[in-house]
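Assemble chains D and G onto chain E, guided by the hints.
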Amino acid sequence: MARAVLLFRLIVRSMVRDRARALLTVSAVALGVAVIVAVDLAGEASMGSFRSSLEALQGTASHEITQAGGIPDAVHGDLVRLEEPLVFSPRVEGFASLVETGERVPLFGVDLIGDPTLGEKGSMARPGTSELLDPDSVWASDSLGIAPGARLAVVGADRRTELEVRGVIETSEAQADRYLLMDIAAAQRLLGRTGRLDRIYVHAPLDETRDWEERLRPVVPPGAAILPSGTRTEDNRRMLRAFRWNLRMMSYTTILVGAFLIYNTITAYVVRRRQQIGIVRAVGASRTMIRSAFLFEGAVFGLLGAAAGLVVGRLLAIGAVEAVGGTVSSLYVTSTPGDLELRPWTVALAVLTGVGTSIASAWWPAREAAGGAPTEAMARARLDTQVRTASGRFTIVAAVLTGLAIACCFVPPVDRIPVGGYLAPILLAGAVALVAPRLSAVVLRIAGRALAAPFGVIANVAARGLAASLGRTSVIVTAMAVATALVVSMGVTVGSFRETVVDWLESRLQADYYVSPAGPGGRGAGSTMDEEVAARLETVPGVMDVGRFRTHSLRYDSIPATLGLADVALYERHPGVEFLDGSVPEAVWAELARGDRVIVSELFSYRHDVHRGDTIRLALGSGLVELGIAAVFYDYSGERDLLLGDREALLEHLPDPRLSSAGVYLEPDADFAASHATLLRAVSGRGVKVTPTRTIREEAIRIFDRAFAITWALEAIAMFVAILAMAEALLNLVFDRRSELALLRMHGASVAQVRRLVLVQAGLLGALASGVGLVLGAATAQVLLRVIHKQSFGWSVQLHWPWELLAGALGVIVAASVVAGLYPARVGSRLAPVEVLRAD
Amino acid sequence: MVLRFLDVEKHYAVSDQRVPALNGVSLDVGEGEWVALVGRSGCGKTTLLNLAGAADLPTRGEVEIEGVRTSSLDDDALTELRRHKIGFVFQFLQLLPTLSAVENVELPLQLAGVRRARPRAREMLGRVGIAELADRHPHQLSGGQMQRVAIARALVHEPSLLLADEPTGSLDDEAAGSVMELLLDLRRQLGTSILMATHSLEVAAVSDRRLILRDGKLIAGEEPGGL
Amino acid sequence: MARRRWRAARLLVLAAALGGALGAGVDAQGAGPETGAGRVVPGYPFEFPRDHFSHPAFDTEWWYYTGNLEAASGRHFGFELTFFRKTRAVDRVEPSAWDLDQFWLAHFTITDTREERFIVDERANRSGPGIAGSDVEKRRIWNGNWSVEWRPGDEARPTQVLTAMNRTASLRLTLSPRKPAVVHGHGGVSRKAAADPRAASHYLSFTRLAATGTLTIESEAFAVTGLAWMDHEFFADYPIEGKVGWDWMSIQLDDGVDLMLFGIRDANGGYGADTTGTLVDAGGAARHLEFGEVILRPGRRWRSGSTEAEYPVEWEVEIPGIGLRLDVRPRIDAQEVFAEGGILPAYWEGAVVVSGEREGKPTGGIGYLEMTGYAEEFDTGGIGDERTGAESGSAR
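Chains as they are written, first to last, in the numbering used here: chain E, 27 to 866; chain D, -10 to 216; chain G, 89 to 484.
Calculated from the structure, these hints are not laboratory results. Be aware that one or more of the hints could be misleading.
Unchecked claim - Derived SDA-like pairs: lysine to any residue, alpha-carbon spacing no greater than 25 Å straight-line: (1) Lys74/D / Arg764/E; (2) Lys816/E / Gly456/E; (3) Lys206/D / Ser189/D; (4) Lys74/D / Gly482/E; (5) Lys715/E / Glu126/E; (6) Lys449/G / Arg417/G; (7) Lys206/D / Val57/D; (8) Lys74/D / Val245/E; (9) Lys74/D / Ala778/E; (10) Lys206/D / Val195/D; (11) Lys816/E / Val440/E; (12) Lys74/D / Arg856/E; (13) Lys226/G / Pro247/E; (14) Lys74/D / Gly118/D; (15) Lys816/E / Val245/E; (16) Lys226/G / Asp104/E; (17) Lys226/G / Leu108/E; (18) Lys226/G / Glu110/E; (19) Lys74/D / Arg58/D; (20) Lys226/G / Gly482/E; (21) Lys226/G / Arg107/E; (22) Lys206/D / His188/D; (23) Lys816/E / Gly608/E; (24) Lys226/G / Pro268/G; (25) Lys206/D / Asp(-4)/D; (26) Lys226/G / Glu109/E.
Isolated chain E, as found in the complex:
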């Protein structure tokens, strides 16, 4: 009890007395925790429910059957006649655009007559009115907010249709799915898929654990896939996991930077209370007690920070969900975010990271405080001398860490998570932390001299002052450097990626216009239009070629992929694909035209370890088809594997002539602007849109930029915490060296000179951190691009240095450091020299 009181006196009182600094530290911890909580919450909310919105009506199925190009209707008939206690739910799935709002919503066609699962509790929403089978009957989920009886103009596939909303389907609050529901016959017509089903759900008895797949196999076409239900969700999850991990790692960087701040604060306390500690030790406090006092202090910071962080994180998560949701929607699947729910796990995560980080960062200062004899504790700081003497050893360890980091880059991913890739930057950051003292000492010595000319003796004094507090200086440099490295590496990575995508879009989108089913496009849309649209376009004067393109979803080795069927003959005139492996385009086109070859995206090649010359077996509509790989091409259209084949040749296996899009190539002398109207006229009456290629590129880049918005937000927060750490460190420096400042004042230093001294120190720290951060960031960028991206996404990205951005960022960082120095400078210059000297 007595000890507790003493602890309280030692710690809490001083925290209360030094409110501003305690608040700063708690804020930093809170921000770090908040970012982690927000990313976790947002990730959970968005991804927990980020099942594809097409799964809204999945129900309680145990399996699902799919087939590239769709399942022929008759398969369903064969299935339901199977003498097994199975129930089958056929589905037509697609998207319809609401003409009024332009929103694209999933449209389901279900068997309103025969599907008994529609009425099963909890398995599916039930429409609630008559005229089920009228071709214009549609039911809207309640979250769409459309009243029964309303007329609803929609565009499905390439047709505009007037529907009548017969009723509203209640959806659970949690899901709030937005969708339309029709009878299967009506849906097939609306989506242009007569004769085909997109999916058949299989409901098996729960109590029987037979191998249903084996029973179903003989009935379904060889090209069909029978998968456990929810595979799609799993696919999405898996895909999203890499993305989520990257976000997580970034959120942890913030707490890492926050840790430096805690370390700083507690070190400052130790230094400032050295005398007090000495006295307490002298009157009989044990080392353990002193150590626990400071660890306790760290824990208190952590706990307060975690509590505040939870609250702030919950708020941040609202924005984060939107950002993450936007990214996921644009990169992966159309989906609806779920609820933000503060789960026990999230709370535990917050407290663990907050308190854990705080205690860990308090460890060294606490040890230092407890170390040494009581009298020694009253004397000079030991840490600085320790740092000096140990820096030789540190350098060796740093070299080892760097070596390990390099080794990590060659570690293969674990379950698609690039563990080695994540470890490498951490190891590098560790190395930087270790060489920071020595490096700082050298740089400061040189800087002090160099700066004396423009800034006067003050600059030299400033640099010397920093060099004298290496323990503190190097920590703040490391913290800033880590944050800077984050900015630099993301800048380089995203910049490179963006540049690569821009280049790729440039080369991929060769046509002048693209014609596609109306409504916003997007992943998984699967909307198609009649082939006649292409034929009409071909008759337009000034049109040189029309490229027909169709995509089909399929699976290869149980991983989803997209098979694009293109008019390969046109590629000879309008090459839109670049090969990784140096294949000769003409030869490749000729091979594709034979119909027994495809080309595959880099992603596909990497993921399945298949290369030019290999043969793959694809489950196409009619069955398993052996196809050779003619080449591997660059693709940045998304995270999905992509295969390209010749449309004409492969129509044999996927006999559906409808088109996903058509590329219009104009004659070189055609009037580009006038063509738009002519093309529109040619396809009028069809629900298709004619988009200039430039618009598509811009849209792609816009989506790209939106996808990375949250990344920048996280960086900004990490940087902000680093700046807080900087301000705090400078405050500590000012406090530590206040007697020297007073002395300077006595010997004729003006207020402005003292302020300049602190600002020069801030600038020096910023510059030092920028430099180190630049190097660390460049290395991390390499790791990101060559290891993490490659391993988790499979893209190879050409390295581009966004020089202007980097220069700008570094400038901002130095400037921000100076700004961070403003308050400490004010404090330093306001110190009344007399009182300082008197107090000492």
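Just chains D and G now, kept in the frame of chain E:
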């Protein structure tokens, strides 16, 4: 008159209570004069020196340095005044540990924006007799040597008034003696007025005049006998 | 609530789809003249196997299989497997396999007498891409994996194989006719109402089918044998003024005589003159029982817990012309065909035992009893207004 105190009062606010440090002090220090300020620890010596050095302003009364009233000046002007007219020597905390001896000495010149400060600093170090230690850092110097560096620094810009607060307080007798000798010598050479606070009568004995401070007041005569 | 609404919705669809078949009187306009061109006329040229299969020209058609089965242990089971078909006019601008031109409904029930358990399942489908239908080539009538297949061979006495299953029970029976098919009524027309000759159907039965096969309930398989009955009926929808339902029974007496009897019931519970039937002697010769020749007297009533309908589950049957008097007793009371969320209005159809005397000599046998139009369910806007609506052009 280099320094004049006119009925100076100085209070410090400690926990809402006014603690008087100086109470109605008036004194003059003439050109080239060496005045010793004698008193027990806590009697207000340091306060008086701070006021004399334009490092602090009186609560009431006036302090004039070379005829300029400090109360009429802003902080920059006070700094300017210190830069040119005043030199400080303290008992502790004399030197910036990050700077070498010569860098410490040239500091006031540099702060005042004087070019080519280094030769003057070296010359000054020569005068205090430790030219050969110019490039040493404080932790490589003995107490007496440090005090010599401090004195060199206090006089390098040739101030009209040297304020010394127990300059020998932390030195052994031998070192203290030689520092005193040095100060006498320098005053002779430079004609600097000296106001030195000390509790040691022995030290005070070398002065031209002794002022006795007790509980913030100058008491009795100016002779040792008054103590 | 949602379930109820969904159900109501499905009923409404069926109202349109069925247009008034299955004993439910609905508006005659709904089943307009274009629905099916087929009309029930005397002298219909029956031809087999063609006429065992569907007649899409007629609005409504059904195949009823019912029977009493026994396991080797003597444990008794009853079964019903029924396929209903309804023609619906479809606008075929853009044909799709999923167009609802033929609507198929099926019922599957098992009566487990010992356990007093009644298992009911209903299945509704459109023909769709082979989901349900009738195929003379494949000699099959099916609704999902419930089916009846005619084995090739003796066309006069074709062996029929029944298959039905759900998650509780499955049934696989081979039915061998002991007598050839009987066409009810006069001139191939079975009339339903004495006052209106247009209320009629084409109606034929296999009155005595030897059944053998396997019945599985909750994974317990029974080898079963017994006697089954098959009805096949098709007609143009035609409402009968003032009728609310019908009571029907099939009786297989131990001496080899089979009886099909029915009465079309008024709102007040009487039949007027509208009771009739067919008597098939042990040799297979059929005699039509004229209107009024059959007397049906309802006895003890049982109240359904599901629909609150009261069914007279015991009957006294008298055919004075042949000196026959029989007491009809249910194997168990609870044999109401009521599927939760189902489409058809509830009716009672269950295995019965009969005993009585013919010309003074004791006789007995087994049979199936069907009673429609008792349930309250109908008036919620289902298939039509059952109690006040007119009887359709058919009963069995």
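Next item on the list: Please write out, lowest number first, the hints stated earlier that are contradicted by the structure.
Entry: Violated hints (numbers, rising): 8, 15 and 20; every other hint is consistent with the structure.
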